[in-house]
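Protein chains: 2
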Amino acid sequence: MEKIKIGILGYGNLGKGVELSVRQNPDMELVGVFTRRDPSQLTLNTEGAVAYHIDQASEMKDKIDVLILCGGSATDLPVQTPEFTRYFNTIDSFDTHANIPGHYSTVDAIAKASNKVSIISVGWDPGMFSLNRMYAGAILPDGKDYTFWGKGVSQGHSDAIRRIDGVQDAKQYTIPVPQALDAVRSGKQPELTTREKHTRECFVVAKEGADLKKIEEAIKTMPKYFADYDTTVHFISQEELNEKHSGIPHGGFVIRTGVTGKALEHHHVIEYSIKLDSNPEFTASVLVAYARAAYRLSKEGNYGAKTVLDIPPAYLSIKSGAELRAELL
Amino acid sequence: MEKIKIGILGYGNLGKGVELSVRQNPDMELVGVFTRRDPSQLTLNTEGAVAYHIDQASEMKDKIDVLILCGGSATDLPVQTPEFTRYFNTIDSFDTHANIPGHYSTVDAIAKASNKVSIISVGWDPGMFSLNRMYAGAILPDGKDYTFWGKGVSQGHSDAIRRIDGVQDAKQYTIPVPQALDAVRSGKQPELTTREKHTRECFVVAKEGADLKKIEEAIKTMPKYFADYDTTVHFISQEELNEKHSGIPHGGFVIRTGVTGKALEHHHVIEYSIKLDSNPEFTASVLVAYARAAYRLSKEGNYGAKTVLDIPPAYLSIKSGAELRAELL
Numbered sequence: 001m002e003k004i005k006i007g008i009l010g011y012g013n014l015g016k017g018v019e020l021s022v023r024q025n026p027d028m029e030l031v032g033v034f035t036r037r038d039p040s041q042l043t044l045n046t047e048g049a050v051a052y053h054i055d056q057a058s059e060m061k062d063k064i065d066v067l068i069l070c071g072g073s074a075t076d077l078p079v080q081t082p083e084f085t086r087y088f089n090t091i092d093s094f095d096t097h098a099n100i101p102g103h104y105s106t107v108d109a110i111a112k113a114s115n116k117v118s119i120i121s122v123g124w125d126p127g128m129f130s131l132n133r134m135y136a137g138a139i140l141p142d143g144k145d146y147t148f149w150g151k152g153v154s155q156g157h158s159d160a161i162r163r164i165d166g167v168q169d170a171k172q173y174t175i176p177v178p179q180a181l182d183a184v185r186s187g188k189q190p191e192l193t194t195r196e197k198h199t200r201e202c203f204v205v206a207k208e209g210a211d212l213k214k215i216e217e218a219i220k221t222m223p224k225y226f227a228d229y230d231t232t233v234h235f236i237s238q239e240e241l242n243e244k245h246s247g248i249p250h251g252g253f254v255i256r257t258g259v260t261g262k263a264l265e266h267h268h269v270i271e272y273s274i275k276l277d278s279n280p281e282f283t284a285s286v287l288v289a290y291a292r293a294a295y296r297l298s299k300e301g302n303y304g305a306k307t308v309l310d311i312p313p314a315y316l317s318i319k320s321g322a323e324l325r326a327e328l329l
Numbered sequence: 001m002e003k004i005k006i007g008i009l010g011y012g013n014l015g016k017g018v019e020l021s022v023r024q025n026p027d028m029e030l031v032g033v034f035t036r037r038d039p040s041q042l043t044l045n046t047e048g049a050v051a052y053h054i055d056q057a058s059e060m061k062d063k064i065d066v067l068i069l070c071g072g073s074a075t076d077l078p079v080q081t082p083e084f085t086r087y088f089n090t091i092d093s094f095d096t097h098a099n100i101p102g103h104y105s106t107v108d109a110i111a112k113a114s115n116k117v118s119i120i121s122v123g124w125d126p127g128m129f130s131l132n133r134m135y136a137g138a139i140l141p142d143g144k145d146y147t148f149w150g151k152g153v154s155q156g157h158s159d160a161i162r163r164i165d166g167v168q169d170a171k172q173y174t175i176p177v178p179q180a181l182d183a184v185r186s187g188k189q190p191e192l193t194t195r196e197k198h199t200r201e202c203f204v205v206a207k208e209g210a211d212l213k214k215i216e217e218a219i220k221t222m223p224k225y226f227a228d229y230d231t232t233v234h235f236i237s238q239e240e241l242n243e244k245h246s247g248i249p250h251g252g253f254v255i256r257t258g259v260t261g262k263a264l265e266h267h268h269v270i271e272y273s274i275k276l277d278s279n280p281e282f283t284a285s286v287l288v289a290y291a292r293a294a295y296r297l298s299k300e301g302n303y304g305a306k307t308v309l310d311i312p313p314a315y316l317s318i319k320s321g322a323e324l325r326a327e328l329l
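Note that the protein sequences, when read in sequence, are chains P and U.
Heads up: the first sequence runs through residues 1 to 329, numbered per our numbering.
Heads up: the second sequence runs through residues 1 to 329, numbered per our numbering.
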């Protein structure tokens, strides 16, 4: 069997997760990892795969079927996805929701001009959560969507705490409020405020001699990040933080409740949830499944930018249509 | 806007549900209902829609974009889907899992020869549950699937009880065992027996003078239907059955747990569940969403038999690709 040749751009948590996920998919092989750092300093986990400098990427265009872009949405992907879609079929996890339409248009024009496929905004939100919102909305047009995130680590919120004067290290968990979940599942379609949906729990290591009261106050009143939430702050030692809070768990819920019937008297609840030990490894696993779809679309000449909403589900699976019908339908 | 013209074949619970669902979708209109009964005896709930005898269906082939087949899988659909796909784009809810590959082949040949689209085995299982098994399996190749059904009414099991000597009426609920659900969600990938996964609860109205002990024994020892389950039997009056057990609720859970990481040390849980007040109305709502997809595929000339695994998600939605990207992604 001809294997699908995968390249990775960026070797942080997500890129490393993609490397590990490729090992779990026997129809794929990792060809190389591209980095802005000195490639000789990278130690890959894959026999036969090579670390390259990012400037060498375009030279590899005929040796890689799909390049998985593992940079961040703030500054990397808005530049990298358009640039590398000139040479490669690409997958990205662009997650700045408000800028997705613009990103799509930019990438679509380049992908079509270059005869490439680019599947953008892949992961779990956007990604699997978007899919579930769409399916549930199409089935129950009279209804209401709810999305809850957590329990999980928010890197952005953890970073925001670390920037506060006197803070040495910190980890922040976003937690859905159980009563809010129950209210949604009841089908009563409640209107929930930001504060009613999630709480925030912070584990903070203060620098020697820092004013704990002032740090706590700075966290709890931080606009956008914490002020609209019920926030709990725990001061702990660096050892305890390292020991108990070094993982990157996450998860969440997409729930739609809706009605059918002559008098819209029948209530229905559709719920999708994930509970992840490792957010980057799960996201990476979604990217890799969509890399298979990008490869197949490219073989068919179905070029352009795509999102998870455009991809026939069977394109993600290693199994054939006949196997899927016999085993999974 | 040109509306999608829908026909319904069969006017039982499912057909009536399709009629109600079409009213919730402003891009569709119901043209007619086809029945084996005397059409003058049908009272439709849709202004402008006409009841026809099934023998008139082929005459209507140019007036209907998609015909939704609402018969049963045992004897109706194996005949009707092939027959009516000669004249119409069709949707069916064929759910005899073991016979799906054969049904697919038969319908595919006819659909391709007739330039029609037929989406088979649509509903929730097969249907939405199949989709979720497939997505989760593609994302977490090292893992295990579990499907639980209920709490809900099984028509087949209720019918089986009604055939027992001395039984006047009956309703049977299939109930997932909470401890089994918890064991699965723990990620430990337990092997569960039939008995460990579901219990069965029966509400039975006995005929005057019937031997209750004998009825209970007959239920609990019935092979395939009840013998492999912990079954509870309650004898109640016809009035109580009518009052408390006249609904057709159902639901269920599809859970996949899997692992990622260097040493496969990270556990993940993906769970999809539905909780339905009306099984036929929910199933009908799924059929109607896929009718939209069949219409679009047919406009593209993408003919043949399809399943939910083949259909790009966006084809189900009334919204455009640009709207979906802006609002749902």
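What the hints contain is simulated information worked out from the structure, not anything from laboratory work.
Just so it is clear, the structure is predicted and the values come from calculations on it, not from any experiment.
Don't take each hint at face value.
Identical copies go unnamed one by one, so any copy, or any two together, can satisfy a pair.
[Unchecked claim] With a straight-line cut-off of 27 Å between C-alpha atoms, the simulated DSSO-like cross-links for lysine-lysine are:
| hint | residue 1 | residue 2 |
| --- | --- | --- |
| 1 | Lys144 | Lys319 |
| 2 | Lys197 | Lys262 |
| 3 | Lys197 | Lys61 |
| 4 | Lys151 | Lys188 |
| 5 | Lys214 | Lys3 |
| 6 | Lys262 | Lys207 |
| 7 | Lys319 | Lys262 |
| 8 | Lys207 | Lys224 |
| 9 | Lys220 | Lys61 |
| 10 | Lys151 | Lys299 |
| 11 | Lys112 | Lys61 |
| 12 | Lys197 | Lys299 |
| 13 | Lys213 | Lys144 |
| 14 | Lys61 | Lys214 |
| 15 | Lys63 | Lys144 |
| 16 | Lys188 | Lys112 |
| 17 | Lys63 | Lys299 |
| 18 | Lys61 | Lys151 |
| 19 | Lys299 | Lys112 |
| 20 | Lys144 | Lys3 |
| 21 | Lys299 | Lys3 |
| 22 | Lys220 | Lys144 |
| 23 | Lys112 | Lys213 |
| 24 | Lys220 | Lys3 |
Results of checking the hints against the structure:
1. Lys144 / Lys319: between (35 Å within a copy, 16 Å between copies)
2. Lys197 / Lys262: neither (32 Å within a copy, 35 Å between copies)
3. Lys197 / Lys61: neither (46 Å within a copy, 51 Å between copies)
4. Lys151 / Lys188: Answer is both; intra-copy 24 Å and inter-copy 20 Å each pass.
5. Lys214 / Lys3: Cα proximity of Lys214 and Lys3: none, with 57 Å in one copy and 62 Å across.
6. Lys262 / Lys207: Neither: 64 Å inside a copy, 34 Å across copies.
7. Lys319 / Lys262: between (41 Å within a copy, 24 Å between copies)
8. Lys207 / Lys224: Close inside one copy (25 Å), not across copies (67 Å); limit 27 Å.
9. Lys220 / Lys61: neither (49 Å within a copy, 66 Å between copies)
10. Lys151 / Lys299: The answer is neither: 40 Å in one copy and 44 Å across copies each exceed 27 Å.
11. Lys112 / Lys61: within (16 Å within a copy, 38 Å between copies)
12. Lys197 / Lys299: For Lys197 and Lys299, neither the intra-copy (44 Å) nor the inter-copy (43 Å) Cα distance is at most 27 Å.
13. Lys213 / Lys144: Neither. Shortest intra-copy (41 Å) and inter-copy (48 Å) distances fail the 27 Å Cα cut-off.
14. Lys61 / Lys214: neither (53 Å within a copy, 75 Å between copies)
15. Lys63 / Lys144: Intra 46 Å, inter 34 Å, cutoff 27 Å: neither.
16. Lys188 / Lys112: For Lys188 and Lys112, neither the intra-copy (45 Å) nor the inter-copy (46 Å) Cα distance is at most 27 Å.
17. Lys63 / Lys299: within (15 Å within a copy, 38 Å between copies)
18. Lys61 / Lys151: neither (40 Å within a copy, 53 Å between copies)
19. Lys299 / Lys112: both (14 Å within a copy, 23 Å between copies)
20. Lys144 / Lys3: Result: close only across copies, 25 Å inter versus 43 Å intra.
21. Lys299 / Lys3: within (13 Å within a copy, 35 Å between copies)
22. Lys220 / Lys144: neither (31 Å within a copy, 42 Å between copies)
23. Lys112 / Lys213: Classified as neither; 56 Å inside a copy, 73 Å across copies.
24. Lys220 / Lys3: Neither. Shortest intra-copy (51 Å) and inter-copy (53 Å) distances fail the 27 Å Cα cut-off.
Violated hints, listed in ascending order, are 2, 3, 5, 6, 9, 10, 12, 13, 14, 15, 16, 18, 22, 23, 24; each of the other numbered hints is respected by the structure.
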